[in-house]
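S.K.: Respectively, the protein sequence lines represent chains A and B.
Per the UniProt record's numbering, the very first residue in the first sequence carries number 1; after that it's consecutive.
Per the UniProt record's numbering, the very first residue in the second sequence carries number 1; after that it's consecutive.
Worth flagging that the hints you see were computed from the coordinates, not collected in a lab.
There may be inaccurate statements among the hints.
[Stated by the list, open to error] Taking lysine-lysine pairs in the DSBU-like style, the calculated list, with each CA pair at most 35 Å apart, reads: (1) LYS46(B) to LYS32(A); (2) LYS195(A) to LYS313(A); (3) LYS6(B) to LYS99(A); (4) LYS192(A) to LYS347(A); (5) LYS195(A) to LYS347(A); (6) LYS95(B) to LYS45(A); (7) LYS164(A) to LYS147(A); (8) LYS128(A) to LYS164(A); (9) LYS128(A) to LYS90(B); (10) LYS32(A) to LYS45(A); (11) LYS99(A) to LYS32(A); (12) LYS45(A) to LYS90(B); (13) LYS46(B) to LYS164(A); (14) LYS95(B) to LYS99(A).
Fair warning: this is a prediction, and the values are worked out from it, not measured in the lab.
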Amino acid sequence: MNLRAFLDTIVLLTKSEGWELTNTSTPIIEFKNVGLSYDDNEVLKNIDLALEAGKFYTLLGPSGSGKTTILNLISGQLTPTRGDILFEGDVINDVPVEKRHMNTVFQDYGLFPNMNVFDNVAFGPSIKGMSKADIKNKVTEMLELVKLTAYADREINELSGGQKQRVAIARALANDPEVLLLDEPLSALDYKLRKEMQYELREIQQRLGITFVFVTHDQEEALAMSDWIYVMNDGVVQQNGSPEDIYDEPINHFVADFIGESNILDGVMKADYLVHFTGKDFENVDAGMRPNEQVEVVLRPEDLDLTSVENGKLVVTIDDQSFRGDYYEITAIDDDGNEWQVQATNKSTIGERVGLTFDPEDIHIMRFNESEDDFDARLESYEDDSDDVKA
Amino acid sequence: MLGKIKWANIYLWFVFILLYLPIFFLIIYSFNAGDVMQGWSGFSWKHYGELFADTRIIEIVVNTFLIAILSSLLASVIGTAGALYIYNLKQPLAKNVLLSLNNVLLVSPDVIIGASFLILFTVLGFSLGFTSVLLSHIAFSIPIVVLMVLPRLQEMNQSLVASAKDLGANNWQMLSRVVLPVISPGILAGFFMAFTYSLDDFAVTFFVTGNGFSTLSVEVYSRARQGVSLEINALSAMMFIVSLLMVIAYYIISTRAAKNKKRGAQMMLAATEGL
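The whole structure should be built from the sequences, with the hints applied where relevant.
M.R.: Have a look at this one:
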């Protein structure tokens with residue numbers, strides 16, 4: 001074997017190995033310490049993300065939290081001032097929008113008013129230079145996917161909001177993106193339509209098996225659709241995890257307050273598995289904190305039950321209630337003056353004194369300024385502990 | 001309530017009659033058998049015959065339309081490019097300066113523009129004639145086109161551009177397939193506006209026509225000084241009909257183009273009756 005052939009073989013080997021690697025372990029999109037500033041204004045601070053291929057991700061946060069900025073960084077409409085953005089392991093900081101393997105569904109859809117539905121969906125494939133027959137097949141397939149087959153010849157302004165939404169999704173997907181970016185696409189739709197589209201988007205994502213990155217400020221939407229949620233605030237990822245993790249184990253006051261309804265109180269962790277709040281000690285399932293550490297205590301309204309005064313762990317006075325269809329939302333005040341939100345199945349009488357009860361595992365403890373890594377480590381440690389205890 | 005509407009209608013008709021009366025007066029006398037505007041001596045096509053026999057006037061009509069079409073076409077291209085440039089400027093200062101320069105040209109008196117062109121052409125040693133008229137018409141039409149196109153761009157949804165890029169379009173594809181079609185009503189309005197301005201411009205043209213070459217407005221003016229021949233009336237009548245046809249053409253084109261759009265043909269230029 002001559003030297004040239006030998007070298008070629010080596011190159012080939014390393015290449016194929018690299019390919020293996022990208023297929024098995026490299027995230028499809030990765031942020032390494034990404035930051036973005038305008039002049040002195042820091043919009044994003046040191047963001048680290050790792051998105052796996054084929055999953056439904058949600059960036060959740062209030063307006064101004066930086067979630068859309070992250071989306072624009074992924075799509076290439078913005079360039080980071082610090083750090084690296086990687087696509088399948090390659091840095092793409094300077095790759096222009098039109099060269100990235102991803103497409104966006106914009107908040108106001110951005111449909112071309114000078115084209116009908118068919119031509120809108122055909123825009124990407126025709127730019128790519130596909131043949132007429134291929135374009136027609138692609139558009140037909142996409143319109144079928146979003147259930148708009150009968151609307152191919154319609155003009156854009158003849159469509160309802162929901163239909164425009166579907167055209168925007170079909171148009172973005174017609175380019176066969178590896179990642180679909182969705183910028184609050186459902187915010188302009190009414191409640192019922194939004195629910196329907198949540199379900200359909202999830203279905204489309206699972207059918208196509210591509211990665212979705214969905215931006216929303218609606219926590220309900222995020223919980224219903226996502227495999228994984230990044231909760232954003234002030235340009236920082238506050239917490240990331242599965243919807244269940246984030247709902248059941250919020251890391252801090254912001255997350256607990258933003259995701260779902262919460263009763264948040266100040267408390268003291270007297271010892272492992274013993275927390276003190278509203279002047280009483282309660283058994284709980286958290287551990288690993290300093291003795292007498294100041295903490296915040298979270299109790300979800302649906303975990304609280306009303307009972308007789310004798311059976312209650314706390315005694316409260318019913319202050320207000322409103323009917324919500326499947327439950328009554330009750331506001332009650334305890335003897336320390338703390339307000340409690342309770343979801344109860346039975347109607348109460350305003351002014352009545354009742355007992356409030358909950359299980360030890362319903363008490364969730366949050367430490368002040370705990371980092372996500374420390375939080376995860378602590379949770380893991382005492383979850384093992386409690387398993388040991390049970391065993 | 002009813003009385004109010006009635007008065008409004010009467011007022012409206014009064015204004016329109018007042019506006020159109022001189023033109024109808026002119027047209028009616030173009031059919032006069034006599035040679036003056038005083039006294040009706042019977043119906044005749046005589047002046048139309050004279051008009052078509054007058055090769056100089058026919059040539060001038062052709063020149064006038066040629067100048068109007070060429071200048072408005074070129075001004076539409078340059079003006080649209082200019083509007084796109086201004087629209088894409090990031091610095092507000094540069095944007096405002098350019099816009100102001102554009103608007104100053106629009107409001108400055110024709111006499112000054114005409115005189116300055118005359119000085120420019122003389123200084124450059126440029127011979128006056130068809131080209132000098134064409135160039136000056138293009139120049140004063142560009143700001144008109146910019147003015148008509150820029151609002152279209154500004155009200156265009158920003159995410160159209162983002163979407164086109166997102167779907168893989170390069171700058172040219174984005175421009176030709178999305179932006180230009182979307183702003184085409186503005187370009188069309190700009191074109192027609194520039195066309196009518198060119199067609200009935202007197203002041204600027206008067207300065208830069210030179211010897212021999214002439215456009216209609218300048219010719220009519222110079223002939224009127226020697227006493228109005230009814231041939232001019234015949235010509236004016238025909239120009240009026242042409243203007244009318246142009247208004248109708250603009251209406252049809254813009255409604256067809258805007259057939260499927262919520263916003264379509266806006267205003268029509270009442271100015272089109274021209275001469």
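S.K.: All the hints need checking, so say for each whether the structure fits it.
M.R.: We went through each hint and held it up to the structure:
1. LYS46(B) to LYS32(A): violated, 88 Å
2. LYS195(A) to LYS313(A): violated, 38 Å
3. LYS6(B) to LYS99(A): Distance ~64 Å between LYS6(B) and LYS99(A) Cα, so the pair is violated.
4. LYS192(A) to LYS347(A): With a Cα-Cα distance of about 28 Å, the restraint between LYS192(A) and LYS347(A) holds, given a limit of 35 Å.
5. LYS195(A) to LYS347(A): Status holds; Cα separation ~28 Å.
6. LYS95(B) to LYS45(A): Satisfied, since the Cα-Cα distance of roughly 33 Å is no more than 35 Å.
7. LYS164(A) to LYS147(A): Within the cut-off at roughly 12 Å; holds.
8. LYS128(A) to LYS164(A): Holds, at roughly 23 Å.
9. LYS128(A) to LYS90(B): holds, 30 Å
10. LYS32(A) to LYS45(A): holds, 11 Å
11. LYS99(A) to LYS32(A): Answer holds: LYS99(A) to LYS32(A) is near 21 Å, not above 35 Å.
12. LYS45(A) to LYS90(B): Holds: LYS45(A) and LYS90(B) sit about 26 Å apart, inside 35 Å.
13. LYS46(B) to LYS164(A): The hint is violated at about 63 Å.
14. LYS95(B) to LYS99(A): Holds, because 30 Å separates the two Cα atoms, which is no more than 35 Å.
Hints 1, 2, 3, 13, counting from the list given before, are not met by this structure.
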